[in-house]
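S.K.: Listed below are the residues making up each chain.
Protein chains: 2
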Amino acid sequence: MKLSQGVEWSVHCAVLLAQGPPGTVASRRTLAGFYGLPEAYLAKHLKSLVRSGVLHATSGPRGGFRLARPAAEITVLDVVEAVEGEASAFVCTEIRQRGVCAIPAEQCVRRCTVDRIMQDADDAWRESLRGRTIGEIARGLSPEVRERSRGYLAENRPA
Amino acid sequence: MKLSQGVEWSVHCAVLLAQGPPGTVASRRTLAGFYGLPEAYLAKHLKSLVRSGVLHATSGPRGGFRLARPAAEITVLDVVEAVEGEASAFVCTEIRQRGVCAIPAEQCVRRCTVDRIMQDADDAWRESLRGRTIGEIARGLSPEVRERSRGYLAENRPA
Ligand code: FES
Ligand code: FES
Chain H
1 MKLSQGVEWS VHCAVLLAQG PPGTVASRRT LAGFYGLPEA YLAKHLKSLV
51 RSGVLHATSG PRGGFRLARP AAEITVLDVV EAVEGEASAF VCTEIRQRGV
101 CAIPAEQCVR RCTVDRIMQD ADDAWRESLR GRTIGEIARG LSPEVRERSR
151 GYLAENRPA
Chain A
1 MKLSQGVEWS VHCAVLLAQG PPGTVASRRT LAGFYGLPEA YLAKHLKSLV
51 RSGVLHATSG PRGGFRLARP AAEITVLDVV EAVEGEASAF VCTEIRQRGV
101 CAIPAEQCVR RCTVDRIMQD ADDAWRESLR GRTIGEIARG LSPEVRERSR
151 GYLAENRPA
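Going down the list, the sequences are from chains H and A. Be aware that the first sequence starts at 1, since it is given in the numbering used here, and climbs by one per residue. Be aware that the second sequence starts at 1, since it is given in the numbering used here, and climbs by one per residue.
Hints listed in this document are in silico derivations from the structure and should not be mistaken for laboratory results. Do not take every clue at face value.
[Unchecked claim] No more than 16 Å apart at the CA atoms, straight line, and that leaves these computed lysine to aspartate or glutamate pairs for EDC-like: (1) H/K2 - A/E86; (2) A/K2 - H/E144; (3) H/K2 - A/E39; (4) A/K2 - H/E136; (5) A/K2 - H/E86; (6) A/K2 - H/E84; (7) H/K2 - A/D122; (8) A/K2 - H/E81; (9) H/K2 - A/E144.
[What the hints assert, rightly or not] Computed spacing ranges between beta-carbons, pair by pair: (10) A/R29 - H/A72: 53 to 63 Å; (11) A/R62 - H/A43: 56 to 66 Å; (12) A/R157 - H/D123: 33 to 43 Å; (13) A/R69 - H/G85: 33 to 43 Å; (14) H/G60 - A/T93: 52 to 62 Å; (15) A/K47 - H/S4: 20 to 30 Å; (16) A/V145 - H/G140: 47 to 57 Å; (17) A/A105 - H/S4: 17 to 27 Å; (18) H/R110 - A/R110: 42 to 52 Å; (19) A/E39 - H/R69: 23 to 33 Å; (20) A/P70 - H/V145: 50 to 60 Å; (21) H/G53 - A/K2: 45 to 55 Å; (22) A/G53 - H/R157: 29 to 39 Å.
Small disclaimer: the values here were computed from a predicted structure and weren't measured. Where a beta carbon is used, it is the ideal one built from N, C-alpha and C, also for glycine.
Produce the entire structure from the sequences given, and follow the hints as far as they go.
M.R.: Structure representation (structure tokens):
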């Protein structure tokens, strides 16, 4: 089981935007350049972040991306689910209803215990990520890092 | 992010063995037949379960697989990690040390906050699975299901 690299990239891009003044806009190139990311691959994830309502895309000559709401209201889960989707990592294929001792479908009204245990774990994972916000991460960075990020965002503001 | 189908198969095979009397042995074919699983694919997962110390393989004409310890001492996490490995689903590639504003390595003594948040969630997931056992699942099955499983295991005992 492995998460896409886009998770690390996307959380960090959101954290970068959260370090600028509210409403900070940055182009795809600016975001990619800050972390040395391949711009074409990052594009796909930025689209997902827009589609999920984490980022807002502005078009035109001053176009780019900004956080769609205050960073304190964007959870890490919001970003992770934008990239990975909301589907559970475990998918029950109802094997209890197959094979030589198959349980008849009418006796399978309740979800299989194994499925429930796996979903409980998935819930615990999401719950953990739901408790942390992009704003909290940005605020926790060292003053030097935040200063450098702010300077970079200001210098590269869409003209 | 998606778990291998082998997780559903492996947990269920362990639960099946747990329904027999202690020391119950079942062949690969018997395990696969119970749930209608492809025997060749299941073989790979049974090997992983043996390697991880969840199952014990017995060879010879009466060979097969049995639980390596009491079902109450085998957690769902033991089985899931046998199939999926123990590595976290999130891998930090230290992008903070790359790009135009790279943080120098000597300033990166502490793990990145994003990495820590992702590992906390991974820990929560494992913790949840560590709290549930194969024995508990087997005991929770309906009397009819357990009766049928026991009958099947007895009929198919390696000769
Ligand atoms: S039948 Fe799918 S998890 Fe049990
Ligand atoms: S640098 Fe990898 S998660 Fe932050």
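S.K.: Could you run down the list of hints and mark each one as holding or not?
M.R.: Each hint, compared with the structure:
no.	hint	in the structure
1	H/K2 - A/E86	11 Å, holds
2	A/K2 - H/E144	38 Å, violated
3	H/K2 - A/E39	26 Å, violated
4	A/K2 - H/E136	28 Å, violated
5	A/K2 - H/E86	11 Å, holds
6	A/K2 - H/E84	10 Å, holds
7	H/K2 - A/D122	11 Å, holds
8	A/K2 - H/E81	13 Å, holds
9	H/K2 - A/E144	38 Å, violated
10	A/R29 - H/A72: 53 to 63 Å	57 Å, holds
11	A/R62 - H/A43: 56 to 66 Å	60 Å, holds
12	A/R157 - H/D123: 33 to 43 Å	39 Å, holds
13	A/R69 - H/G85: 33 to 43 Å	37 Å, holds
14	H/G60 - A/T93: 52 to 62 Å	33 Å, violated
15	A/K47 - H/S4: 20 to 30 Å	28 Å, holds
16	A/V145 - H/G140: 47 to 57 Å	51 Å, holds
17	A/A105 - H/S4: 17 to 27 Å	25 Å, holds
18	H/R110 - A/R110: 42 to 52 Å	46 Å, holds
19	A/E39 - H/R69: 23 to 33 Å	52 Å, violated
20	A/P70 - H/V145: 50 to 60 Å	51 Å, holds
21	H/G53 - A/K2: 45 to 55 Å	24 Å, violated
22	A/G53 - H/R157: 29 to 39 Å	58 Å, violated
Comparing the model with each numbered hint stated earlier shows that hints 2, 3, 4, 9, 14, 19, 21, 22 do not hold.
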